Amino acid sequence: MVTGGTLLTQLLNGLSVGMVYVLLAAGLSIIFGVMDVINFAHGEFYALGAYLAVGIAAALSGVTGGFWIALVAAPLIVGVIGGLTERVTIRPLYGRNPLYHILLTFGLVLVIADGIEIIWGTQPKNFAPPALLSGPITIAGFQYSLYNYFVIAVGALIAAGTWLALTETRVGIIIRGGSQDRGMVRALGIDIDRYYTLVFAFGCVLAAFAGIVLGAKQEVALGMGNAIIIPAFVVVVLGGLGSFRGAVVGGLGIGIVQTLTQTYVPALTGVIVYLLMVGILLVKPQGLFGNPEWQNHGGEEGDLLTGGGGGILDTTTRRYLAAALVGVLALVPLGIGVTYSSYIPNSLVLNVLVWALFALSLDFVMGYAGLVSLGHVLFYGVGAYATVMMAMYVTPVFWVGLLAGVALALAVAWFVGYLSIRVSGVYFAMITLGFAQLAYNLVTKFDITGGSDGLYTGYDATYGLGIGEVGQVSLLGDIQLFYYVVLALVVGSYLVARQIMRAPFGSVLQAIRESEDRAEFLGYDTVEYKRRAFMVSGGLAGLAGGLATINSFGVGPSFLFWLKSGEVIVMTLLGGMGTLYGPMLGAGAFLGLKEILLTFGESTPGLLGEVLSQWQGILGLIFVVFVIYVPEGLVSLPETLQARFGAGGGGGGESATDATDAEVSD
Amino acid sequence: MTPMLELDGIESGYGETRVLGGVNATVDEGEVVALVGRNGVGKTTTLRTILGSVEPWAGTVTYRGEDITDLGDVETVQRGIGLVPEERRIFPGLTVTENLELASYGGSETENRRDLDWVFDTFENLDERRENRGSDLSGGEQQMLAIARALVSGADLLMLDEPTEGLAPMIVDRVMEVIEDVRDAGITVLLVEQNVRVALDLADRAYVLAHGEIVHEATPEELRADEETVERYLGVSFAD
Ligand SMILES: Nc1ncnc2c1ncn2[C@@H]1O[C@H](COP(=O)(O)OP(=O)(O)OP(=O)(O)O)[C@@H](O)[C@H]1O
Ligand SMILES: [Mg+2]
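These protein sequences, in sequence, are chains A and B.
Under this note's numbering, think of the first position of the first sequence as 1, with each following residue one higher.
Under this note's numbering, think of the first position of the second sequence as 1, with each following residue one higher.
Bear in mind the hints are in silico, worked out from the structure with no lab data behind them.
None of the values given here were measured: they were computed from a predicted structure.
Treat the hints with care, as some may be off.
[Stated by the list, open to error] From chain B, some residues computed to sit far from chain A (all C-beta separations above 10 Å): (1) M1; (2) G106; (3) L167; (4) V236.
[Claimed, not checked] For the chain A half of the interface with chain B, some residues (derived, Cβ under 10 Å), not all of them: (5) I190; (6) D191; (7) D193; (8) K217; (9) A221.
Where is the CB? At the ideal position from N, CA and C, for every residue including glycine.
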């Protein structure tokens, strides 16, 4: 029953949550508008604010007003950190394709999150608001939490202040102009770049503030950044990228909708937000208040840098190398018991192979068609779930399960591609992210998908090569059949993908990546080509997901978590986009490095060991360096090094810059 | 007298694609110079290269005796060169007033710098629409605003990129009047136009751009008389 009192309570709850979204989204949106940076690290600055406030309040535990000091000081410190971060890491990337910012800020997420963990540990912190703000208060016979009133009031005040600053001050008008057409601001003789640090720092201040007020209401815990960043993106995208009004309306709207859904339609909790986002974007691709004209910043967008075609090695050498690599992989299981335990091939290498396939699938669309799928985990997860469900509910024969996985991933890719490929760039990335997040929340809702526990296939030997069984069939000792199944499928997928890229279809895709207008002008239906590529890619990702479930005896919501999407993007770029084999090597490098760090971390005592165990942070750091200095990825490294230090006598300096600047494609 | 602006052997392009293969041209103080040529020959690229938003591969740009080849767009505009870009590029989410205010924060402190009062006195239609957003203006109004914006930023040399494109004939005449007023106020104009009639009516001198080079330099009268050149490089004919 909906009574006036409870409805009002719910609305106020919604408003207080919504204010937190507004603060986050305002910063995200302005940062995107002005600098084209999709800042995944925003959630971490939010968390950092909360943790710093806990630290400051604890240090001032005797002092009255510790909370208030923390509330002001922590955001300012985060602002300084944010400003430095912009200077050191993001600044070198301006003028490159916005994809690189996504990759960079994803690296920053890993670094900051692990930094927080090292400093503050894994235990959640309590951060209580001062007595002055605690307890309920009764106004006109209506009783409600005083702290929530405080959050709403302070949030509204800050939002209003930001709005005034944007509309009434010189800097504000320059920033708004810059978020609509940066090139034109420059053409009026205004150095917009000077404002970037300020904008970024200011966004971080707002985020930190949001983290503190929400942290004091709930708790301050690891993962709080990860949990809020995607809904915050939804708010920004819904409201319209770069629109402050959109951030406010979107933030409050989402806050209220979320709260009301939780109370009155619990079945839709967690799903409604993404449904809304997908629905609105399909009707109004630029969001509620976004202006379609703003998408074009005057054609100054940088290109995607693809890896070199093997650089200094000629084709024959490369072919031999590849064959040798496959040969070594085929021999790896023979070393079991001789040089290492069965863990290496049956777990580590197998995992690398599966991720290599996943990375290959992403490269197919990202590296070749220029489609940045931020939610690629959707296809991986859908493939995984379909494989397991087929095995559990229909027939346990493993290859039927895998086929079902690929088929469903293809179908979902067709559907998502059908709806979203016509919208461009950032919005496409966001819609894919929205769909993935939708699926992530959906699978937890139903018994048939195992809820939040997932599904466990176990071992079932009744049928020949059932899903549980294929992972267990030993050829000899610990040497397993499944290893070879995976190796064959991965190598086969690579060969098929390469063949497709060599066919006219592949050439058209690459033409689209280089200039969509030109490809269209030549008479190609670019949207159709991209959709088909997206389907192939989705199918391959589904296969990877299916194989992963066999390897892990089941599937759970973590198969659909957005961080996996980030990781696979990392691998793709690390290895070298647009080469097919580069991303596969990237998967090996990523997981290999992780393994090394974990092993060393465990065996090294003391602080160093602890630091090494934070493998994500270290990888994130390496990744940040990579994005800035080696954007063409590992496969281009030999070439870049040769160009820089190589023997090529005269004109060496010149060719060095050429090699770094050139966009080499196979 | 040294020219106000001098392009010497400008080569320029995008990525690997060469667009300009050695452009030589001059603009004298107080002149209206037209740059004409077919679609896609590189007229806009020439302006971008002068402005510094595209870096030339070779050659020099000299402005009032200073080598500005290596300057970026911001610095170039701060020297007193203003651009009214292709498709106007009004800030769609800012009001007319804010568009002009933004321009007044940049540019250069030249004698030709205009303030907002002057703009609203001169352009009545903008005065009426002060509080309207850029995206709500008609094409003609946007064009006036784009010109006003460049004047507010203090342009001594005004570069106009196809100011009459997509406008109704009556509005085209109005834009031409404005450009004449600008010239009468002592501002030098470099005019890129597809509409050869407009260009030749306004210009003191015209350059014809083709194959990435200046293939012809002439007065409007000479060009009008030279049907072959006009047909060949501009694809229009004055015969009818
Ligand atoms: N940003 C860019 N990147 C790559 N190529 C470009 C870019 N801008 C223009 N070009 C190409 O450079 C050539 C010259 O373009 P430009 O815009 O300078 O011509 P234009 O003479 O101004 O044409 P129009 O009359 O259509 O305005 C064209 O072939 C165009 O396709
Ligand atoms: Mg042009």
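Each hint tested on the structure:
| no. | hint | result |
| --- | --- | --- |
| 1 | M1 | holds, 26 Å |
| 2 | G106 | violated, 4 Å |
| 3 | L167 | holds, 18 Å |
| 4 | V236 | holds, 24 Å |
| 5 | I190 | holds, 4 Å |
| 6 | D191 | holds, 5 Å |
| 7 | D193 | holds, 8 Å |
| 8 | K217 | violated, 34 Å |
| 9 | A221 | violated, 38 Å |
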